[in-house]
Amino acid sequence: MKDPATQVSRRGLMKNLIATDRPKRYAMVIDTRRCIGCQACTVACKSENDVPLGESRSWVETIEKGNFPDVGRSFLPRLCNQCEKPGCVSVCPTGATYTRKEDGVVAINKEICIGCKYCILACPYGVRYLDPKTGSVDKCDFCLHRIEKGVVPACVNTCQGAARIFGDINDPSSAAAKMLETNSVSVLRHEMGTEPMVFYIGADHSDERYAERTGVYVRVETHRRQQKRV
Amino acid sequence: MTAVIASDGGDQAAGPLVELNINAEERVFLYRLLAGIFRREQSKERLEELRSSQYREALEEAGVDLGDHFFLTPIEELAEELAVEFARLFLLSPDGRIAPYESVQLPDGSGQLRGPESQAVLDYFKATGFAYQDEMNDMPDHVAVELEYMAHLVLLESCSWVNGKYDEALNAIRYQNDFFQKHLFNWVFCFLNRVNAKAECAFYSVFAELAQEFLEDELTELPEKEKQAEQLLERN
Amino acid sequence: MLNRRKFIKLSAATAAASVAMNGTLSQARELPVFGGKDFSPTTGKERKAVPSACLNCVTRCPNIVYVEDGRIVKIEGQPKSIRSEGKMCAKGQGGVNQSNDPDRILYPMKRVGKRGEGKWKRVSWDDALDEVAGRLKTLRDAGTPEKFMFHYGRMKSSTSKLVKTNFLGAYGTKTIGNHTSICEGGKWTAQELTWGKHYDTWDFDNTRYVLNFGANPLEAGTNHIPTSHRLIRALTTREVKMVTIDVRLSNTAAKSQEWLPVRPGGDLAVALAMCNVVMSEDLHKGRGEEFLKFCKVTDTAEDTLENKVKALKDNFAQYTPEWATQHSDVSASAIRRIAREFATTYPACLISYRGAVAHYNGNDTERAIQTLAAITGNIDNPGGRCLAVGPKWKYPKAKGMPKGRKLKIVDGPKGAAAIPSHHMSHNVLKMIKDGSAGRPDIYMSYMYTAVYANGDVQENIDVLKDESLIPFSVNINPFYDESAALADLILPEPPYTERWDWDDMVSPVQIPEYYIRQPAIPPMGETRDFGTVACQLAERIGIELPFKTKEEFVRMSCAKTPAVKAVGGFEYMKKHGVYHDPKAKPKYHSYRKELKAKDYEKATVILDEATGTYWDWKKAKHKSAEAAQKKGYTHSKGAYKAYVGQRIGDKVYKGFKPDKLNKSGYFEIYSGLMKEKGYNPLPTWYSIPEHEKMSDNDMILTTFKVATQIHSRSQNCKYLTELYHDNPAWINPVDAQRRGIMEGDEIKVKSEVGEITIKARVTPAVIPGVIAISHHCGHWQYGRYASGNKAPMAHDDDPDLKRMWWKGNHGAHPNWIIPNAPDPINGQLRFMDTVVQVIKI
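Protein chains in written order, with this note's numbering: chain H, 208 to 437; chain P, 5 to 240; chain W, 16 to 856.
No wet-lab data here; the hints were simulated from the structure.
Don't take each hint at face value.
Said to hold, decoys possible - Some, not all, of what chain W presents toward chain H, calculated at C-beta under 7 Å:
(1) Ala105
(2) Gly109
(3) Ile247
(4) Leu264
(5) Lys270
(6) Pro276
(7) Thr723
(8) Tyr734
(9) Leu738
(10) Arg818
As the list claims (entries may be wrong) - Here are the simulated lysine to aspartate or glutamate pairs, EDC-like style, with alpha carbons at most 16 Å apart:
(11) W/Lys125 with P/Glu85
(12) W/Lys125 with W/Asp142
(13) W/Lys817 with H/Glu262
(14) W/Lys125 with P/Glu84
Yeah, the Cβ is synthetic: ideal placement off N, Cα and C, and Gly gets one too.
Chain H on its own, in the form it takes in the complex (with noise of 0.2 Å):
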């Protein structure tokens, strides 16, 4: 069951995007009827970008529901949102985290942190961490110093199901472009006012409200240190 609220105009979208100055907008669209909770994307994340145990970049949390016997389980891959209107940008003090003019996705001067954590804080996804060994922030950042050479972020490349849909849907010709026009999507945390940049096809986002709500049984995994869903 779809919670409405998460729903996103896509008309509305559509004109936000048109309407600004930049020459690409990265993005994804990920369409978990094709997860298949895998986790490849997860440990290829990890590996590529030497992300430090007990934080990660990308995740894959698991939806089980129902009551026996009518039970699903669904797959909600997880990973930095690249925002519109970034809360960890707004906050930031030495402006280490900031949107890229390029192509929108939001980056860290890791020179410049201060690790101060306050864009964690500021973040209502919890993508964002800060990495021991540089002692600044990190986060996925579409793998950069991939798709600057023009090849897809690892956990695109290692999909089994291609359920992740990256590309720049400033042109309409792209794949994920393509993606948004024909399907109905969900992001996350709508309400924030955070224009999330992630965009789910098939989503489930229920939670545990949900089985208090019906009686259903609900049980949501992060599979990661942090157990709590963000």
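Here the structure of chain H is known, so what remains is to put chains P and W in place on it, guided by the hints.
For chains P and W alone, kept in the frame of chain H given last:
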């Protein structure tokens, strides 16, 4: 190597030069001694040497007590016992070995065997003109190799003092300080603490303590030495 | 402050020799002038791409290993592979952790003190090889080579051909154990009784319907990525319907349109009932009937279609869906509906694995499943369950091999299984304990953990520890696992990321793909590929092998294999990693191929009237055609190797080539071999004895796998174990409530052979009556990530452990309470049958 004093430095320099050289020689010896302790199991020949009266005296006077067990146990038995302890500490142990590598021991490092830290050390060796070739194909950031490297640098320093080449000596000291700060210092004390905690044979805890004391001295003395060498160079 | 002055006397005396060994550093040039702050030179950090092959599971997908500064930094799928199409699962990606595992063994280690005490010392390879070769030579010279037992777990392709075919073959021992009976041995035996050689590949690219008995291809499986990515593609882009029959909601069941919860062992009832539906509603007409031409359904070699149909109808008549409900808890209406859907949607793919087969009645479960596919014409067809197609490598082989001798300890006690064609490896230690069939003097294990992977863990430990039962044991391993801990000598092998192989796993597109594995970085420390070690042992023993190293073996094989040689041999494979013939056509319906007269009208080929099989009596080691005819094809030992073709009517077909058993060239729904052993020749219902005797309060323990781990040897990979390190037991809310168990409670699970304490996961995703525990956790060795082992008094700021946030939380291993009980027909370990009591602590 006995000190040969070059006379071109003038009598004013001769005194300190001898001192500096002797100091360097002592340090070369200690670096090598310690490298040998951690490198691999002690052979019977080596143990005989360590039990010789020369060594025994020197160690005692330096406050290093290897204990009666070390000196009185038949050599075969002792060698076996220490080989087992060496394996238990550094090679294979049911409750986890203390992998003697910078990449594994460095706090907040990669924790990996042959991690990026290992390559950084190898790069350092190469950049300073040293080729690394190990017959046992072990990693370049092994504690024994890093100690051996320091020994090489101090030997270079020592030779420079002997030949009155202040600039070369200073160069060698700068590298010692740099390598110590960039690599050895950041992890070796952590490592030695663990060895001390886990060692069951006095041999290894005693030498771990010796290493700790020596390297702590190095920590304070190396920057001093650099300054001292700079001054000497200026004056000459 | 250290008084260093005292050392000057020593330094004078001992000078440069005081290190007393060879140093590692030599000064190649002058110390450069110390300038500036950026002293380290910047090397151009280009990631080197090395095409290779994974071995983090048996699927062995081609991969690309990226190397930077001499270190493996990333592993990705190989886009040029027709098998994996560039995809890679979590396990394969986790391979980056193998080479850099800080708990790796880098040198040969010899036991000190009592076996299992955990005390070791390093020895040189020379010493290690001298000792092993010396002992091996002694046995061989005494004429008792069979007392050298070699027990492997994961050993395939070129490693197998080098070690097993060449080294062990030339040595003369046939006391060789594998692990297949804890894996899919039972499935393979059932297939050998029906259509011949394993594997069954699943053609998801062309199917329209998937019916799944107990398989979990989206998380695990023998040909995992090649099938799983095609399966999800089929489900999402072509709206293929999938139904999964399983005791729990695996991820595969979750992605299926329907999950039919089934009672353990009930899969057989459901499969029989579906055959009943097909036959009683005449759904076999058309394609099923066509296929029956190639089937043996009665005891007559060439029977009429009418007789065959009648025999099938008669056999399955009693297995109505209503009958099946009592034994499976699947509703009759669902059975009927799904059977109809399956039979009328063509092509349909019928898949099955351990969930259905690792039971007392597993043999006939797989046979019934084969039958269901056969009677709907879904065998070896596009979109169906197909005979496996893989590359055929040629390799060097030593000449003049002796006739091997063996101790009869790998097939379990006599009579424990009727047809253990894949052995009963989980009973090897029991047999050694028993001793009546002899005991090996040397027990050598390779990529095999006898302790952890089998059932009855305590007994495994007790036998391996006992020097009176096993005088000398050698373990070959990159890591210190529960079995290495009980060895006398550990020979360190590098992990697969540093090894050579040619490889040959089958391809679900029915086109063979040749590929190799090559070291991304040179082996670290003094680790050596065991293939090379085998050559070195051979040399010391005085055995001549035509190669000296594994690399050489691979290179020679590339030169010998025509398809590979033609494109450039070894050099080509090193550069590209994979090769398939771009003009090759997928192989379907291979059984229909008609043989030409010259293929079977040979001097040494005769027709066995009883079975209609053409076979070569000389190849079957008979002295004459007459002697062969007298003995007959079925009863001549190893006659299946001499199979030529199958006569059906006035033609001779390639048919279904037998393997391991002397089956005819028919698809044998009716198995004369089973009849001879006293079993029903057609698929039959057997109930599970323990389950019949269960008390009301008992439960059945089932085991399973997850997407991020393999059975026992991936848990040292920290990225994988970070994701899955704890394995709470799945229990249905109904069962939990009855016992006062809440989510996260500690519970005791007790069986005949032991008990474990584990946490409870109360979930409706498992059928009531069943408690489900995965294999992967509960290691007490295998490194810090898997077991949390650390040196005593290690501090909390210990860098190894600081970031391992799950330390102390390593799950529980179910194998302690699972007996090594075999399927009575094929010897498979019955992982899914254990009766247990579950109590809240």
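How about W/Gly109: closest beta carbon in chain H under 7 Å, or not? holds (5 Å)
Holds or violated: W/Lys125 with P/Glu84, Cα cutoff 16 Å? holds (12 Å)
Double-check W/Ile247 for me: the hint is only fine if its C-beta lies closer than 7 Å to a C-beta in chain H. holds (4 Å)
Holds or violated: the hint that W/Tyr734 contacts chain H, with Cβ atoms closer than 7 Å. holds (5 Å)
Given W/Thr723 as an interface hint, is the shortest Cβ-Cβ distance to chain H below 7 Å? The hint holds - W/Thr723 has a Cβ within 7 Å of chain H, the shortest such distance being about 5 Å.
So, W/Arg818 near chain H? Judge it on the closest CB pair being under 7 Å. holds (4 Å)
Report holds or violated for the interface hint on W/Lys270, using the least CB-CB distance to chain H and a cut-off of 7 Å. holds (6 Å)
Evaluation of the interface hint that places W/Leu264 against chain H, nearest CB under 7 Å: Since chain H brings a Cβ to about 5 Å from W/Leu264, closer than 7 Å, the hint holds.
Restraint check for W/Lys125 with W/Asp142, where alpha carbons must lie at most 16 Å apart: Measuring from Cα to Cα gives roughly 10 Å; hence the hint holds.
Quickly compare the C-alpha distance for W/Lys817 and H/Glu262 to 16 Å and report which way the hint goes. holds (13 Å)
Going by Cβ atoms only, is W/Ala105 closer than 7 Å to chain H? holds (4 Å)
Regarding the hint that W/Leu738 lies at the interface with chain H, is the smallest CB-CB distance below 7 Å? holds (6 Å)
When each numbered hint is compared with the structure, no violation occurs for any of them.
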